[in-house]
Every structure is written in C-alpha cells, then in structure tokens.
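*Asks:* Chain residues, written in single-letter form:
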Amino acid sequence: MKLKEIVDKLELDVKTGSSNLDKEISGGYVSDLLSDVMANSREGDIWITLQIHQNIVAVASLKNLAGIVLVNSRVPENETIKKAEKEGIPILVSNLPAFEVVGKLHRMGIPGTADAGGI
Amino acid sequence: MLEEFRGDLHIHTCLSPCGDLSMLPTLIIMKAKEKNLDIIGICDHNTTENVAAVQKAGEKEGVSVIGGIEITSQEEAHILAFFRTGAGLENIKNIVYEHLPGINNEVVFGEQVIVDDKDEMLGINERLLIGATTLFLEQIIDIVHNLGGVAIASHIDREAFSIIGQLGFIPSGLKLDGVEVSSLGKLRQLRVTHPEIDNFPIVSFSDAHYLEDIGKKTTSFLLEDTNAEELYKAFKGVEGRKVLSAQ
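Note that the protein sequences, when read in sequence, are chains A and B.
Following my numbering, the numbering of the first sequence begins with 170 at its first residue and continues without gaps.
Following my numbering, the numbering of the second sequence begins with 2 at its first residue and continues without gaps.
Among the clues, some could well be false.
Unchecked claim - Lysine to any residue pairs mimicking SDA-like chemistry, simulated, CA-CA at most 20 Å apart:
no., chain 1, residue 1, chain 2, residue 2
1, B, Lys187, A, Ser188
2, A, Lys251, B, Gly111
3, A, Lys251, B, Ala161
4, A, Lys232, B, Gly111
5, A, Lys232, B, Lys187
6, A, Lys232, B, Pro102
7, A, Lys251, B, His210
8, A, Lys251, B, Pro102
9, A, Lys255, B, Asn106
10, A, Lys251, B, Cys19
11, A, Lys255, A, Asn224
12, A, Lys232, B, His210
13, B, Lys243, B, His146
14, A, Lys273, A, Met207
15, A, Lys255, B, Gly111
16, A, Lys232, B, Val109
17, A, Lys232, B, Tyr211
18, A, Lys251, B, Val109
The set of hints was computed from the structure by calculation and includes no laboratory data.
Construct the entire structure; sequences and hints are all you get.
*Replies:* Take a look at the structure:
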C-alpha cells in the first residue's frame with residue numbers, strides 16, 4: 170500500500186515530503202520512545218507517534234521509515250519541518266488519537282512486526 | 002566570605018552530536034569571559050570526554066569549569082550531573098557507557114569530536130551518545146549520589162527529553178538536587194501545574210549547543226569560591242551556601 174492511500178483514507182494533513190507519497194508501506198510501528206523505534210521498527214514502516222521534535226526525522230531517516238504520522242493534531246516544531254523537507258521524510262498529521270489511527274491502519278491491512286512474522 | 006557568583010552550568014561541546022563543531026575549549030572559554038561568567042559547566046550527552054580539555058583551557062584564562070554530564074534515562078528524560086572529582090567523572094562515564102547501546106551514525110546525528118585544550122582533535126567517539134541509557138531515573142540519581150555528585154533534572158519546562166514531558170510530573174520521592182527551567186517566563190504557570198517543583202532549587206542555564214548561546218541564561222550562587230565543592234554545598238544548602246536566583 171502506498172502512503173498516498175493512507176493520506177486519503179485517514180484524511181491526514183501532509184506537512185512535509187509531499188513528493189514522497191508514492192512510497193510503499195510494508196508495515197507499521199507505534200511508539201513515543203526514540204530508542205525503542207531505533208531498536209524495533211523496520212525499513213518501510215509507517216511510524217505513529219506524538220513526538221514532534223527534530224530527532225524524529227533523524228530516526229525515520231536512519232531506519233528508512235516510509236513516513237511519520239503525528240496523532241492528536243500535534244504540530245511539528247519548525248526545525249522538524251525544515252529537516253524533514255531536506256530529508257524528504259513525509260510527516261502526516263491526524264486529528265485522531267494513536268489508538269484510532271493504529272486501528273484504522275491495521276484494518277486497512279498494514280501489518281505490525283508480529284503479524285509479519287518479525288520480532 | 003560568601004559572595005555571589007554567576008554561572009552557566011549547562012554547556013555542550015563539539016563532542017555532543019548536536020553540539021556545533023565550533024564548541025571548542027578555547028572558544029567556549031573566550032565566550033564565557035566575554036559574558037563575565039564566574040563559573041561554567043560542561044555537560045555533553047552521555048559522556049565526559051571533553052571536560053578535562055575545557056577545564057585546562059579555563060585554568061589558563063581564570064574561568065572555573067565544573068565537570069558534568071547530561072545523562073539520558075531509559076524514560077528518555079535528561080538529567081544533569083556534576084561531580085567534585087575527576088574520579089567521579091571517570092566513574093559516571095564508565096557506568097553510562099556500560100548502559101548505552103548503539104553506534105553513532107554521524108551523517109544522521111552529527112559528529113562527536115574529542116579535543117584537547119588547544120582545540121586539536123584527538124579522536125571521534127563512536128558511541129550512540131544521542132541515544133538513551135538503559136538506566137531508570139531513580140537508578141541514575143542513586144548512582145550520581147553514590148559517586149558524590151549532584152543530580153538536576155534538565156529543562157523540565159520543555160516537552161522533549163524532560164521528566165515532566167516524558168512522565169507528566171516529577172515522581173514524589175525522586176531525590177533530585179535541583180530542577181532546570183529553560184524559559185523563566187513559564188515559571189509561574191509551571192508552579193501552578195506542577196507545584197512539586199518548589200521542593201527543589203530552581204536553576205536556569207543556556208543548554209548552549211552554539212557559542213552565541215553561552216551565558217544567555219544563568220543562575221547566581223552564594224559561594225566562598227568558584228569550585229565544584231562549593232557548588233555541591235550550594236545545591237545541598239549547607240554551610241550558608243545557596244542557589245540564588247535564576248536569570
């Protein structure tokens with residue numbers, strides 16, 4: 170599934186990386202601890218979080234994540250937006266809480282790490 | 002005789018991945034003098050390897066440099082720790098390293114340069130200094146105290162990497178020696194939402210990652226002299242030494 174489909178279905182606000190919405194999503198991961206995301210997310214995952222500081226872009230870039238979904242209408246910091254534009258990392262904002270966002274993505278068929286026979 | 006001294010105790014060097022590469026010992030000291038700081042502290046993320054270089058550069062110029070570290074807890078909250086001896090600093094560094102997984106990617110997180118007192122590069126630290134240790138807040142504070150240091154919660158008014166940001170409040174019974182507030186303008190509101198902060202001395206420092214930020218926020222202390230032993234007494238509130246107001 171492509172990021173674009175998620176943006177349309179969940180009515181996400183595309184803050185950055187609008188030219189990279191053709192990226193293919195292979196799975197999903199939700200966490201607000203960067204160390205956990207660095208350790209346990211996989212390439213191609215869409216990452217759901219409420220963190221808005223610039224280190225989320227570094228982590229997404231390091232792990233080759235497909236994109237970041239911010240929950241609860243969280244507003245990314247200016248530095249985060251600048252860095253994400255530079256790195257081409259899509260940041261997408263939902264007005265829903267994390268539980269609802271993850272539920273919808275899961276129903277759309279996006280697997281988590283356990284579903285995919287991963288860790 | 003006790004006197005008032007002004008300090009900025011939370012300054013990063015080029016060893017922190019997010020620290021500007023111009024955060025070099027002689028330049029930090031030059032800036033501290035320009036800003037008339039009596040005392041500065043060096044606190045890199047999860048390391049102490051540039052402290053001695055800045056201390057040596059400071060000795061030549063008469064600027065007192067306190068050795069510290071900014072430790073990332075498992076909860077991803079930052080804790081500043083200051084030590085009275087080189088042994089304390091060496092021990093905390095080794096304990097942090099034992100509990101800090103990962104290798105740095107300098108393209109993504111930034112370079113981690115170890116330097117001497119003349120700003121010459123000695124090497125690169127390869128550890129993931131931006132990462133989190135596996136130590137919990139309570140453990141870090143106990144370790145710091147056992148090594149004879151003081152532990153201060155970093156920038157508690159910020160959302161990212163602060164105790165209040167990560168946990169929502171300061172857990173009761175946490176044996177902090179102080180709390181750092183970044184924006185004193187927010188202090189009144191913070192006292193309303195988090196009255197627990199008044200249980201601790203409140204300080205404000207620059208958290209400088211760039212030279213121009215050094216001394217932008219400072220705290221005054223009532224001390225006999227500008228050394229780590231005196232600062233220790235101020236945070237513990239003994240022998241008349243005190244943490245005065247944050248500016």
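*Asks:* All the hints need checking, so say for each whether the structure fits it.
*Replies:* Verification of the hints:
1. Lys187(B) with Ser188(A): The given pair, whose Cα atoms are some 39 Å apart, is violated under the 20 Å limit.
2. Lys251(A) with Gly111(B): Between lysine 251(A) and glycine 111(B) the Cα gap is close to 16 Å, so the pair holds against 20 Å.
3. Lys251(A) with Ala161(B): holds, 18 Å
4. Lys232(A) with Gly111(B): holds, 16 Å
5. Lys232(A) with Lys187(B): violated, 36 Å
6. Lys232(A) with Pro102(B): holds, 16 Å
7. Lys251(A) with His210(B): holds, 18 Å
8. Lys251(A) with Pro102(B): Violated. Lysine 251(A) to proline 102(B) sits at ~29 Å, over the 20 Å cutoff.
9. Lys255(A) with Asn106(B): Holds. Lysine 255(A) to asparagine 106(B) sits at ~18 Å (cutoff 20 Å).
10. Lys251(A) with Cys19(B): Since the Cα atoms of lysine 251(A) and cysteine 19(B) sit roughly 16 Å apart, the hinted pair holds (cutoff 20 Å).
11. Lys255(A) with Asn224(A): It holds: about 14 Å lies between the C-alpha atoms, which stays within 20 Å.
12. Lys232(A) with His210(B): Violated, because 25 Å separates the two Cα atoms, which is more than 20 Å.
13. Lys243(B) with His146(B): holds, 19 Å
14. Lys273(A) with Met207(A): violated, 24 Å
15. Lys255(A) with Gly111(B): Judged against 20 Å, a Cα distance of about 15 Å means the pair holds.
16. Lys232(A) with Val109(B): holds, 10 Å
17. Lys232(A) with Tyr211(B): Measuring from Cα to Cα gives roughly 28 Å; hence the hint is violated.
18. Lys251(A) with Val109(B): holds, 14 Å
Of the numbered hints stated above, those contradicted by the structure are hints 1, 5, 8, 12, 14, 17, listed in ascending order.
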